[in-house]
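Taken in order, these protein sequences are the chains called A and D.
Going by this note's numbering, 124 is the number at position 124 of the first sequence; the sequence numbering is gapless.
Going by this note's numbering, 272 is the number at position 272 of the second sequence; the sequence numbering is gapless.
Just so you know, not all the hints are guaranteed correct.
As the list claims (entries may be wrong) - Straight-line Cα separation of at most 16 Å, EDC-like style, residue types lysine to aspartate or glutamate; simulated pairs:
| id | chain 1 | residue 1 | chain 2 | residue 2 |
| --- | --- | --- | --- | --- |
| 1 | A | Lys85 | D | Glu418 |
| 2 | A | Lys224 | A | Asp171 |
| 3 | D | Lys396 | D | Asp430 |
| 4 | A | Lys87 | A | Asp186 |
| 5 | A | Lys249 | A | Asp209 |
| 6 | D | Lys160 | D | Asp117 |
| 7 | D | Lys483 | A | Glu81 |
| 8 | A | Lys84 | D | Glu411 |
| 9 | D | Lys255 | A | Glu21 |
| 10 | A | Lys64 | D | Glu267 |
| 11 | A | Lys94 | A | Asp217 |
| 12 | A | Lys273 | A | Asp66 |
| 13 | D | Lys392 | D | Asp430 |
| 14 | A | Lys84 | D | Glu418 |
| 15 | D | Lys423 | D | Glu449 |
| 16 | D | Lys484 | A | Glu81 |
To be verified - Label-pair ranges, simulated between beta-carbon atoms:
| id | chain 1 | residue 1 | chain 2 | residue 2 | range |
| --- | --- | --- | --- | --- | --- |
| 17 | D | Thr326 | A | Ser34 | 47 to 53 Å |
| 18 | D | Glu166 | A | Val170 | 31 to 37 Å |
| 19 | D | Gly286 | A | Pro23 | 33 to 39 Å |
| 20 | A | Trp101 | D | Ile96 | 29 to 35 Å |
| 21 | A | Lys246 | D | Glu492 | 35 to 41 Å |
Worth flagging that the hints you see were computed from the coordinates, not collected in a lab.
Note that the coordinates shown come from a computational prediction; the quantities given were computed from them, not determined experimentally.
A virtual CB, placed ideally from N, CA and C, is assigned to each residue, including glycine.
These are the residues of each chain, in order.
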Amino acid sequence: MRHFPAILLYLTVLTILSCKEIPIEISDPVIPESSRVVLLEELTGASCSNCPKGSAAIENILNKFDGKVAVVGIHGEFLSEPTKKSKYDFRNQKAKDLENWFQPWFGKPAASINRVPNEDNLLMTDLPDLWQAAVESELQKPHQMNILMDVKYNAQSRRLDLELAAIPLVDLNGNYNITIYLTESDIVDAQSSGSVIIEDYSHQHVLRDMLTRIDGDGLGTDLKQNVIIKRNYNYTLPEGAGGLWKPEKMEVIAMISHNAPTNKAVVQAIHSKLIK
Amino acid sequence: MITRFFLFILVLSSISISAQDKGTFSGAFETNANVFIRDSSINAINTPQYNRQIFGGEAWFNLNYSIQGFTIGARFDMFNNSNLRNPTGSFSGTGIGRWYIKKDIKNLEISAGYLYDQIGSGIIFRAFETRSLFIDNAIYGAKVKYNLSDNWNVMAFVGKQKNAFEVYTGNLKGARLEGFVNLGSEEKPVTLAPGLGFVNRTISDENMAGVADALRTYQNADRFSPNHNTYSTSVYNTLSFAGINLYTEVALKSKDIFYNPFAIKTEIVGASLGKLEQKAGSVLYGSLSYAKGKLGVTAEAKRTENFSFRIDPNQRLLRGLINYLTPLNRQNTYRLTARYSPAAQDISELAYGLDVRYKFNKNISANVNYSDITTLDGDRLFQELFTEVIYKYKRKWQLTTGIQFLTYNQEVYEMKSEVPLVKTITPYLDFLYRFTPYKALRTEFQYMETKQDFGSWMYGLAEFSMAPKWSFEISGMYNVKPKKANSKGVIEKTLYPTLGVVFFNDAQRYSLRYVKQVEGIVCSGGICRLEPAFSGFRFTMNTTF
Numbered sequence: 001m002r003h004f005p006a007i008l009l010y011l012t013v014l015t016i017l018s019c020k021e022i023p024i025e026i027s028d029p030v031i032p033e034s035s036r037v038v039l040l041e042e043l044t045g046a047s048c049s050n051c052p053k054g055s056a057a058i059e060n061i062l063n064k065f066d067g068k069v070a071v072v073g074i075h076g077e078f079l080s081e082p083t084k085k086s087k088y089d090f091r092n093q094k095a096k097d098l099e100n101w102f103q104p105w106f107g108k109p110a111a112s113i114n115r116v117p118n119e120d121n122l123l124m125t126d127l128p129d130l131w132q133a134a135v136e137s138e139l140q141k142p143h144q145m146n147i148l149m150d151v152k153y154n155a156q157s158r159r160l161d162l163e164l165a166a167i168p169l170v171d172l173n174g175n176y177n178i179t180i181y182l183t184e185s186d187i188v189d190a191q192s193s194g195s196v197i198i199e200d201y202s203h204q205h206v207l208r209d210m211l212t213r214i215d216g217d218g219l220g221t222d223l224k225q226n227v228i229i230k231r232n233y234n235y236t237l238p239e240g241a242g243g244l245w246k247p248e249k250m251e252v253i254a255m256i257s258h259n260a261p262t263n264k265a266v267v268q269a270i271h272s273k274l275i276k
Numbered sequence: 001m002i003t004r005f006f007l008f009i010l011v012l013s014s015i016s017i018s019a020q021d022k023g024t025f026s027g028a029f030e031t032n033a034n035v036f037i038r039d040s041s042i043n044a045i046n047t048p049q050y051n052r053q054i055f056g057g058e059a060w061f062n063l064n065y066s067i068q069g070f071t072i073g074a075r076f077d078m079f080n081n082s083n084l085r086n087p088t089g090s091f092s093g094t095g096i097g098r099w100y101i102k103k104d105i106k107n108l109e110i111s112a113g114y115l116y117d118q119i120g121s122g123i124i125f126r127a128f129e130t131r132s133l134f135i136d137n138a139i140y141g142a143k144v145k146y147n148l149s150d151n152w153n154v155m156a157f158v159g160k161q162k163n164a165f166e167v168y169t170g171n172l173k174g175a176r177l178e179g180f181v182n183l184g185s186e187e188k189p190v191t192l193a194p195g196l197g198f199v200n201r202t203i204s205d206e207n208m209a210g211v212a213d214a215l216r217t218y219q220n221a222d223r224f225s226p227n228h229n230t231y232s233t234s235v236y237n238t239l240s241f242a243g244i245n246l247y248t249e250v251a252l253k254s255k256d257i258f259y260n261p262f263a264i265k266t267e268i269v270g271a272s273l274g275k276l277e278q279k280a281g282s283v284l285y286g287s288l289s290y291a292k293g294k295l296g297v298t299a300e301a302k303r304t305e306n307f308s309f310r311i312d313p314n315q316r317l318l319r320g321l322i323n324y325l326t327p328l329n330r331q332n333t334y335r336l337t338a339r340y341s342p343a344a345q346d347i348s349e350l351a352y353g354l355d356v357r358y359k360f361n362k363n364i365s366a367n368v369n370y371s372d373i374t375t376l377d378g379d380r381l382f383q384e385l386f387t388e389v390i391y392k393y394k395r396k397w398q399l400t401t402g403i404q405f406l407t408y409n410q411e412v413y414e415m416k417s418e419v420p421l422v423k424t425i426t427p428y429l430d431f432l433y434r435f436t437p438y439k440a441l442r443t444e445f446q447y448m449e450t451k452q453d454f455g456s457w458m459y460g461l462a463e464f465s466m467a468p469k470w471s472f473e474i475s476g477m478y479n480v481k482p483k484k485a486n487s488k489g490v491i492e493k494t495l496y497p498t499l500g501v502v503f504f505n506d507a508q509r510y511s512l513r514y515v516k517q518v519e520g521i522v523c524s525g526g527i528c529r530l531e532p533a534f535s536g537f538r539f540t541m542n543t544t545f
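Using the sequences provided together with the hints, build the complete structure.
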């Protein structure tokens, strides 16, 4: 017991001494000069009450890095079922398959930035607050490939013709895949948000279909600098029943990625409106 | 390092043999092995185990050795395509999950390695292991405990928190002073067991970079200057007098960075829910119990405000927890009465609990339990009234029956939007009949009436035991009034059966079950986590020696 006052004093002093700390500066994001375009694939869902937070984070990113980020909103299976107030069901088989392709992940919202693993070695990061830093990090990496994309849309036939050209800026070893997504934005429909359902929520970047396999079509192996690789794709948009499949609200996104068992990282992405 | 550790064990063992002091070995082994069988009708699909791995399991083997004041121990951990860490993923890893060494030198106790301990009830610090939830928050560091007298001791520790086979980068240190005082006489003792604890968490530079990355995305209204250090302290005491026990604990935490899923974050346009905040926190907890003769009463109360305490503020769900907040509701064991169980809320919670037990005579006893949990703003989170009556007829049979009335807030506990409070009424019955001293049949019947969530359920179980070796069971959970569509989009009645056999051999227990288990969603810290449905075989084995 004779030690008690000394120990109590020690703890008290320790507590008091602990109060001062030099604060760290929170700087604004750095917007690097780069020709890279980063792909952000988000797992989301109409019944996911936390997902508007992910959408807000994405809009912040797009606002800060205008044109440098391509976004795909994947409404797969988990918490993606329509709410009781929904008009539409955004789920489709490609979205479900892609969501499962990204396993494992902990929850929604979650996003993969250029398919680069995070510090937990997962492709999906479930903290929207950290997505922007990951985008910045990807934009600071060397620019290794240009993609050119010519988008032709015929309003009468609703046919979309794509002509793509990939131009490696350095020699790129390994296998590479090309993946093409069709997304639709400004779809007004219900969305769970916290404890309420927002009936007139504006859904952005909703994955409607893919023109390739979900894990991409083969593009080539050991790509050589300045040796252009061309690909052509076409797609006919379904008739816009019920207010969906509006070509003026749609975007086509193409990306080229590594295709190795432990490396699926995106080399470059490109995005373009169907109707400019 | 591990090699050196085992060399050390070998040397120590040699010393013991030469000293002709054999010491004491003790240990335990536990394993789970699951075979996953796809069943789309209950949504048991689309995890790596169902898609391709088929098998997943875990094993833990720990061994302790005590000799001449030394205690050493190590635990082998194996995860093989395990879904414990992430229920929708697969985790594999093998290695030494824990090692430690402890030496008693008179009044001094020194420990190093992966250590478990807690301060008070765990409000400011608890390093513990819960295998079923993949929680192993051991501190990898050193601990010193000194006995100041027969009744007083002081403990201090420094270390990092374990994260599977690695450690988190943040640092933890803490101290605890505990004692025992008798203010009364030997005939009429009035005792106090006071304690004082202190914990400091320092966020690592790597983790702080993550915090800064997040804050950089915030609008000025939500930004703050983050501190690396957080200090928490706890004062607690148990007063015992004439059958009355009063435990009180007050815990305070200095400004700490934590994720508040209910805070409104300013966006460029509009607002969203959930953001990092830096605020001080507090927990007040009290438990008063009285037991005399046939009556036992326990009353509890807890007030929690901003007490999320993690090694890294960017961790969510069950990851990186430094402390443990005890839930005040009854910990139910029957399948349906345990279906809606509230997680202790670390941001805002006001909870009360009352438990009364009375033994009328040697045949009849009764228990009534009431718990009430709201936010600090008064929003209803959980309410339960649970009754139980036990009637024993000689040693021939025993009837346990009662009813549960429950209200559960899915919007908060499961982050669901615009869903009503789940209200259930669940009568249950448990009947045990002994044919002989070695053979017995136990049956359970439960019915949950509810108009919310999945709708009403019925559950039945029959368990035939042939002591001391065998036990056989069959059970079924049936969605009698379904409200939810399954993965095929159909609202249909679904049976979730279980068939099992358990074999006992002294301290060994083996069980094999065929299981279909309904899925559920668990949310915390703004992230929802799917606990998928299970379909397949489960084998478990454990033993101690």
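Results for each hint:
no.: 1; hint: Lys85(A) <-> Glu418(D); verdict: 10 Å, holds
no.: 2; hint: Lys224(A) <-> Asp171(A); verdict: 5 Å, holds
no.: 3; hint: Lys396(D) <-> Asp430(D); verdict: 14 Å, holds
no.: 4; hint: Lys87(A) <-> Asp186(A); verdict: 14 Å, holds
no.: 5; hint: Lys249(A) <-> Asp209(A); verdict: 14 Å, holds
no.: 6; hint: Lys160(D) <-> Asp117(D); verdict: 13 Å, holds
no.: 7; hint: Lys483(D) <-> Glu81(A); verdict: 15 Å, holds
no.: 8; hint: Lys84(A) <-> Glu411(D); verdict: 15 Å, holds
no.: 9; hint: Lys255(D) <-> Glu21(A); verdict: 12 Å, holds
no.: 10; hint: Lys64(A) <-> Glu267(D); verdict: 13 Å, holds
no.: 11; hint: Lys94(A) <-> Asp217(A); verdict: 14 Å, holds
no.: 12; hint: Lys273(A) <-> Asp66(A); verdict: 14 Å, holds
no.: 13; hint: Lys392(D) <-> Asp430(D); verdict: 12 Å, holds
no.: 14; hint: Lys84(A) <-> Glu418(D); verdict: 9 Å, holds
no.: 15; hint: Lys423(D) <-> Glu449(D); verdict: 8 Å, holds
no.: 16; hint: Lys484(D) <-> Glu81(A); verdict: 12 Å, holds
no.: 17; hint: Thr326(D) <-> Ser34(A): 47 to 53 Å; verdict: 51 Å, holds
no.: 18; hint: Glu166(D) <-> Val170(A): 31 to 37 Å; verdict: 35 Å, holds
no.: 19; hint: Gly286(D) <-> Pro23(A): 33 to 39 Å; verdict: 37 Å, holds
no.: 20; hint: Trp101(A) <-> Ile96(D): 29 to 35 Å; verdict: 34 Å, holds
no.: 21; hint: Lys246(A) <-> Glu492(D): 35 to 41 Å; verdict: 36 Å, holds
Against the hints set out earlier in the document, no violation occurs for any number.
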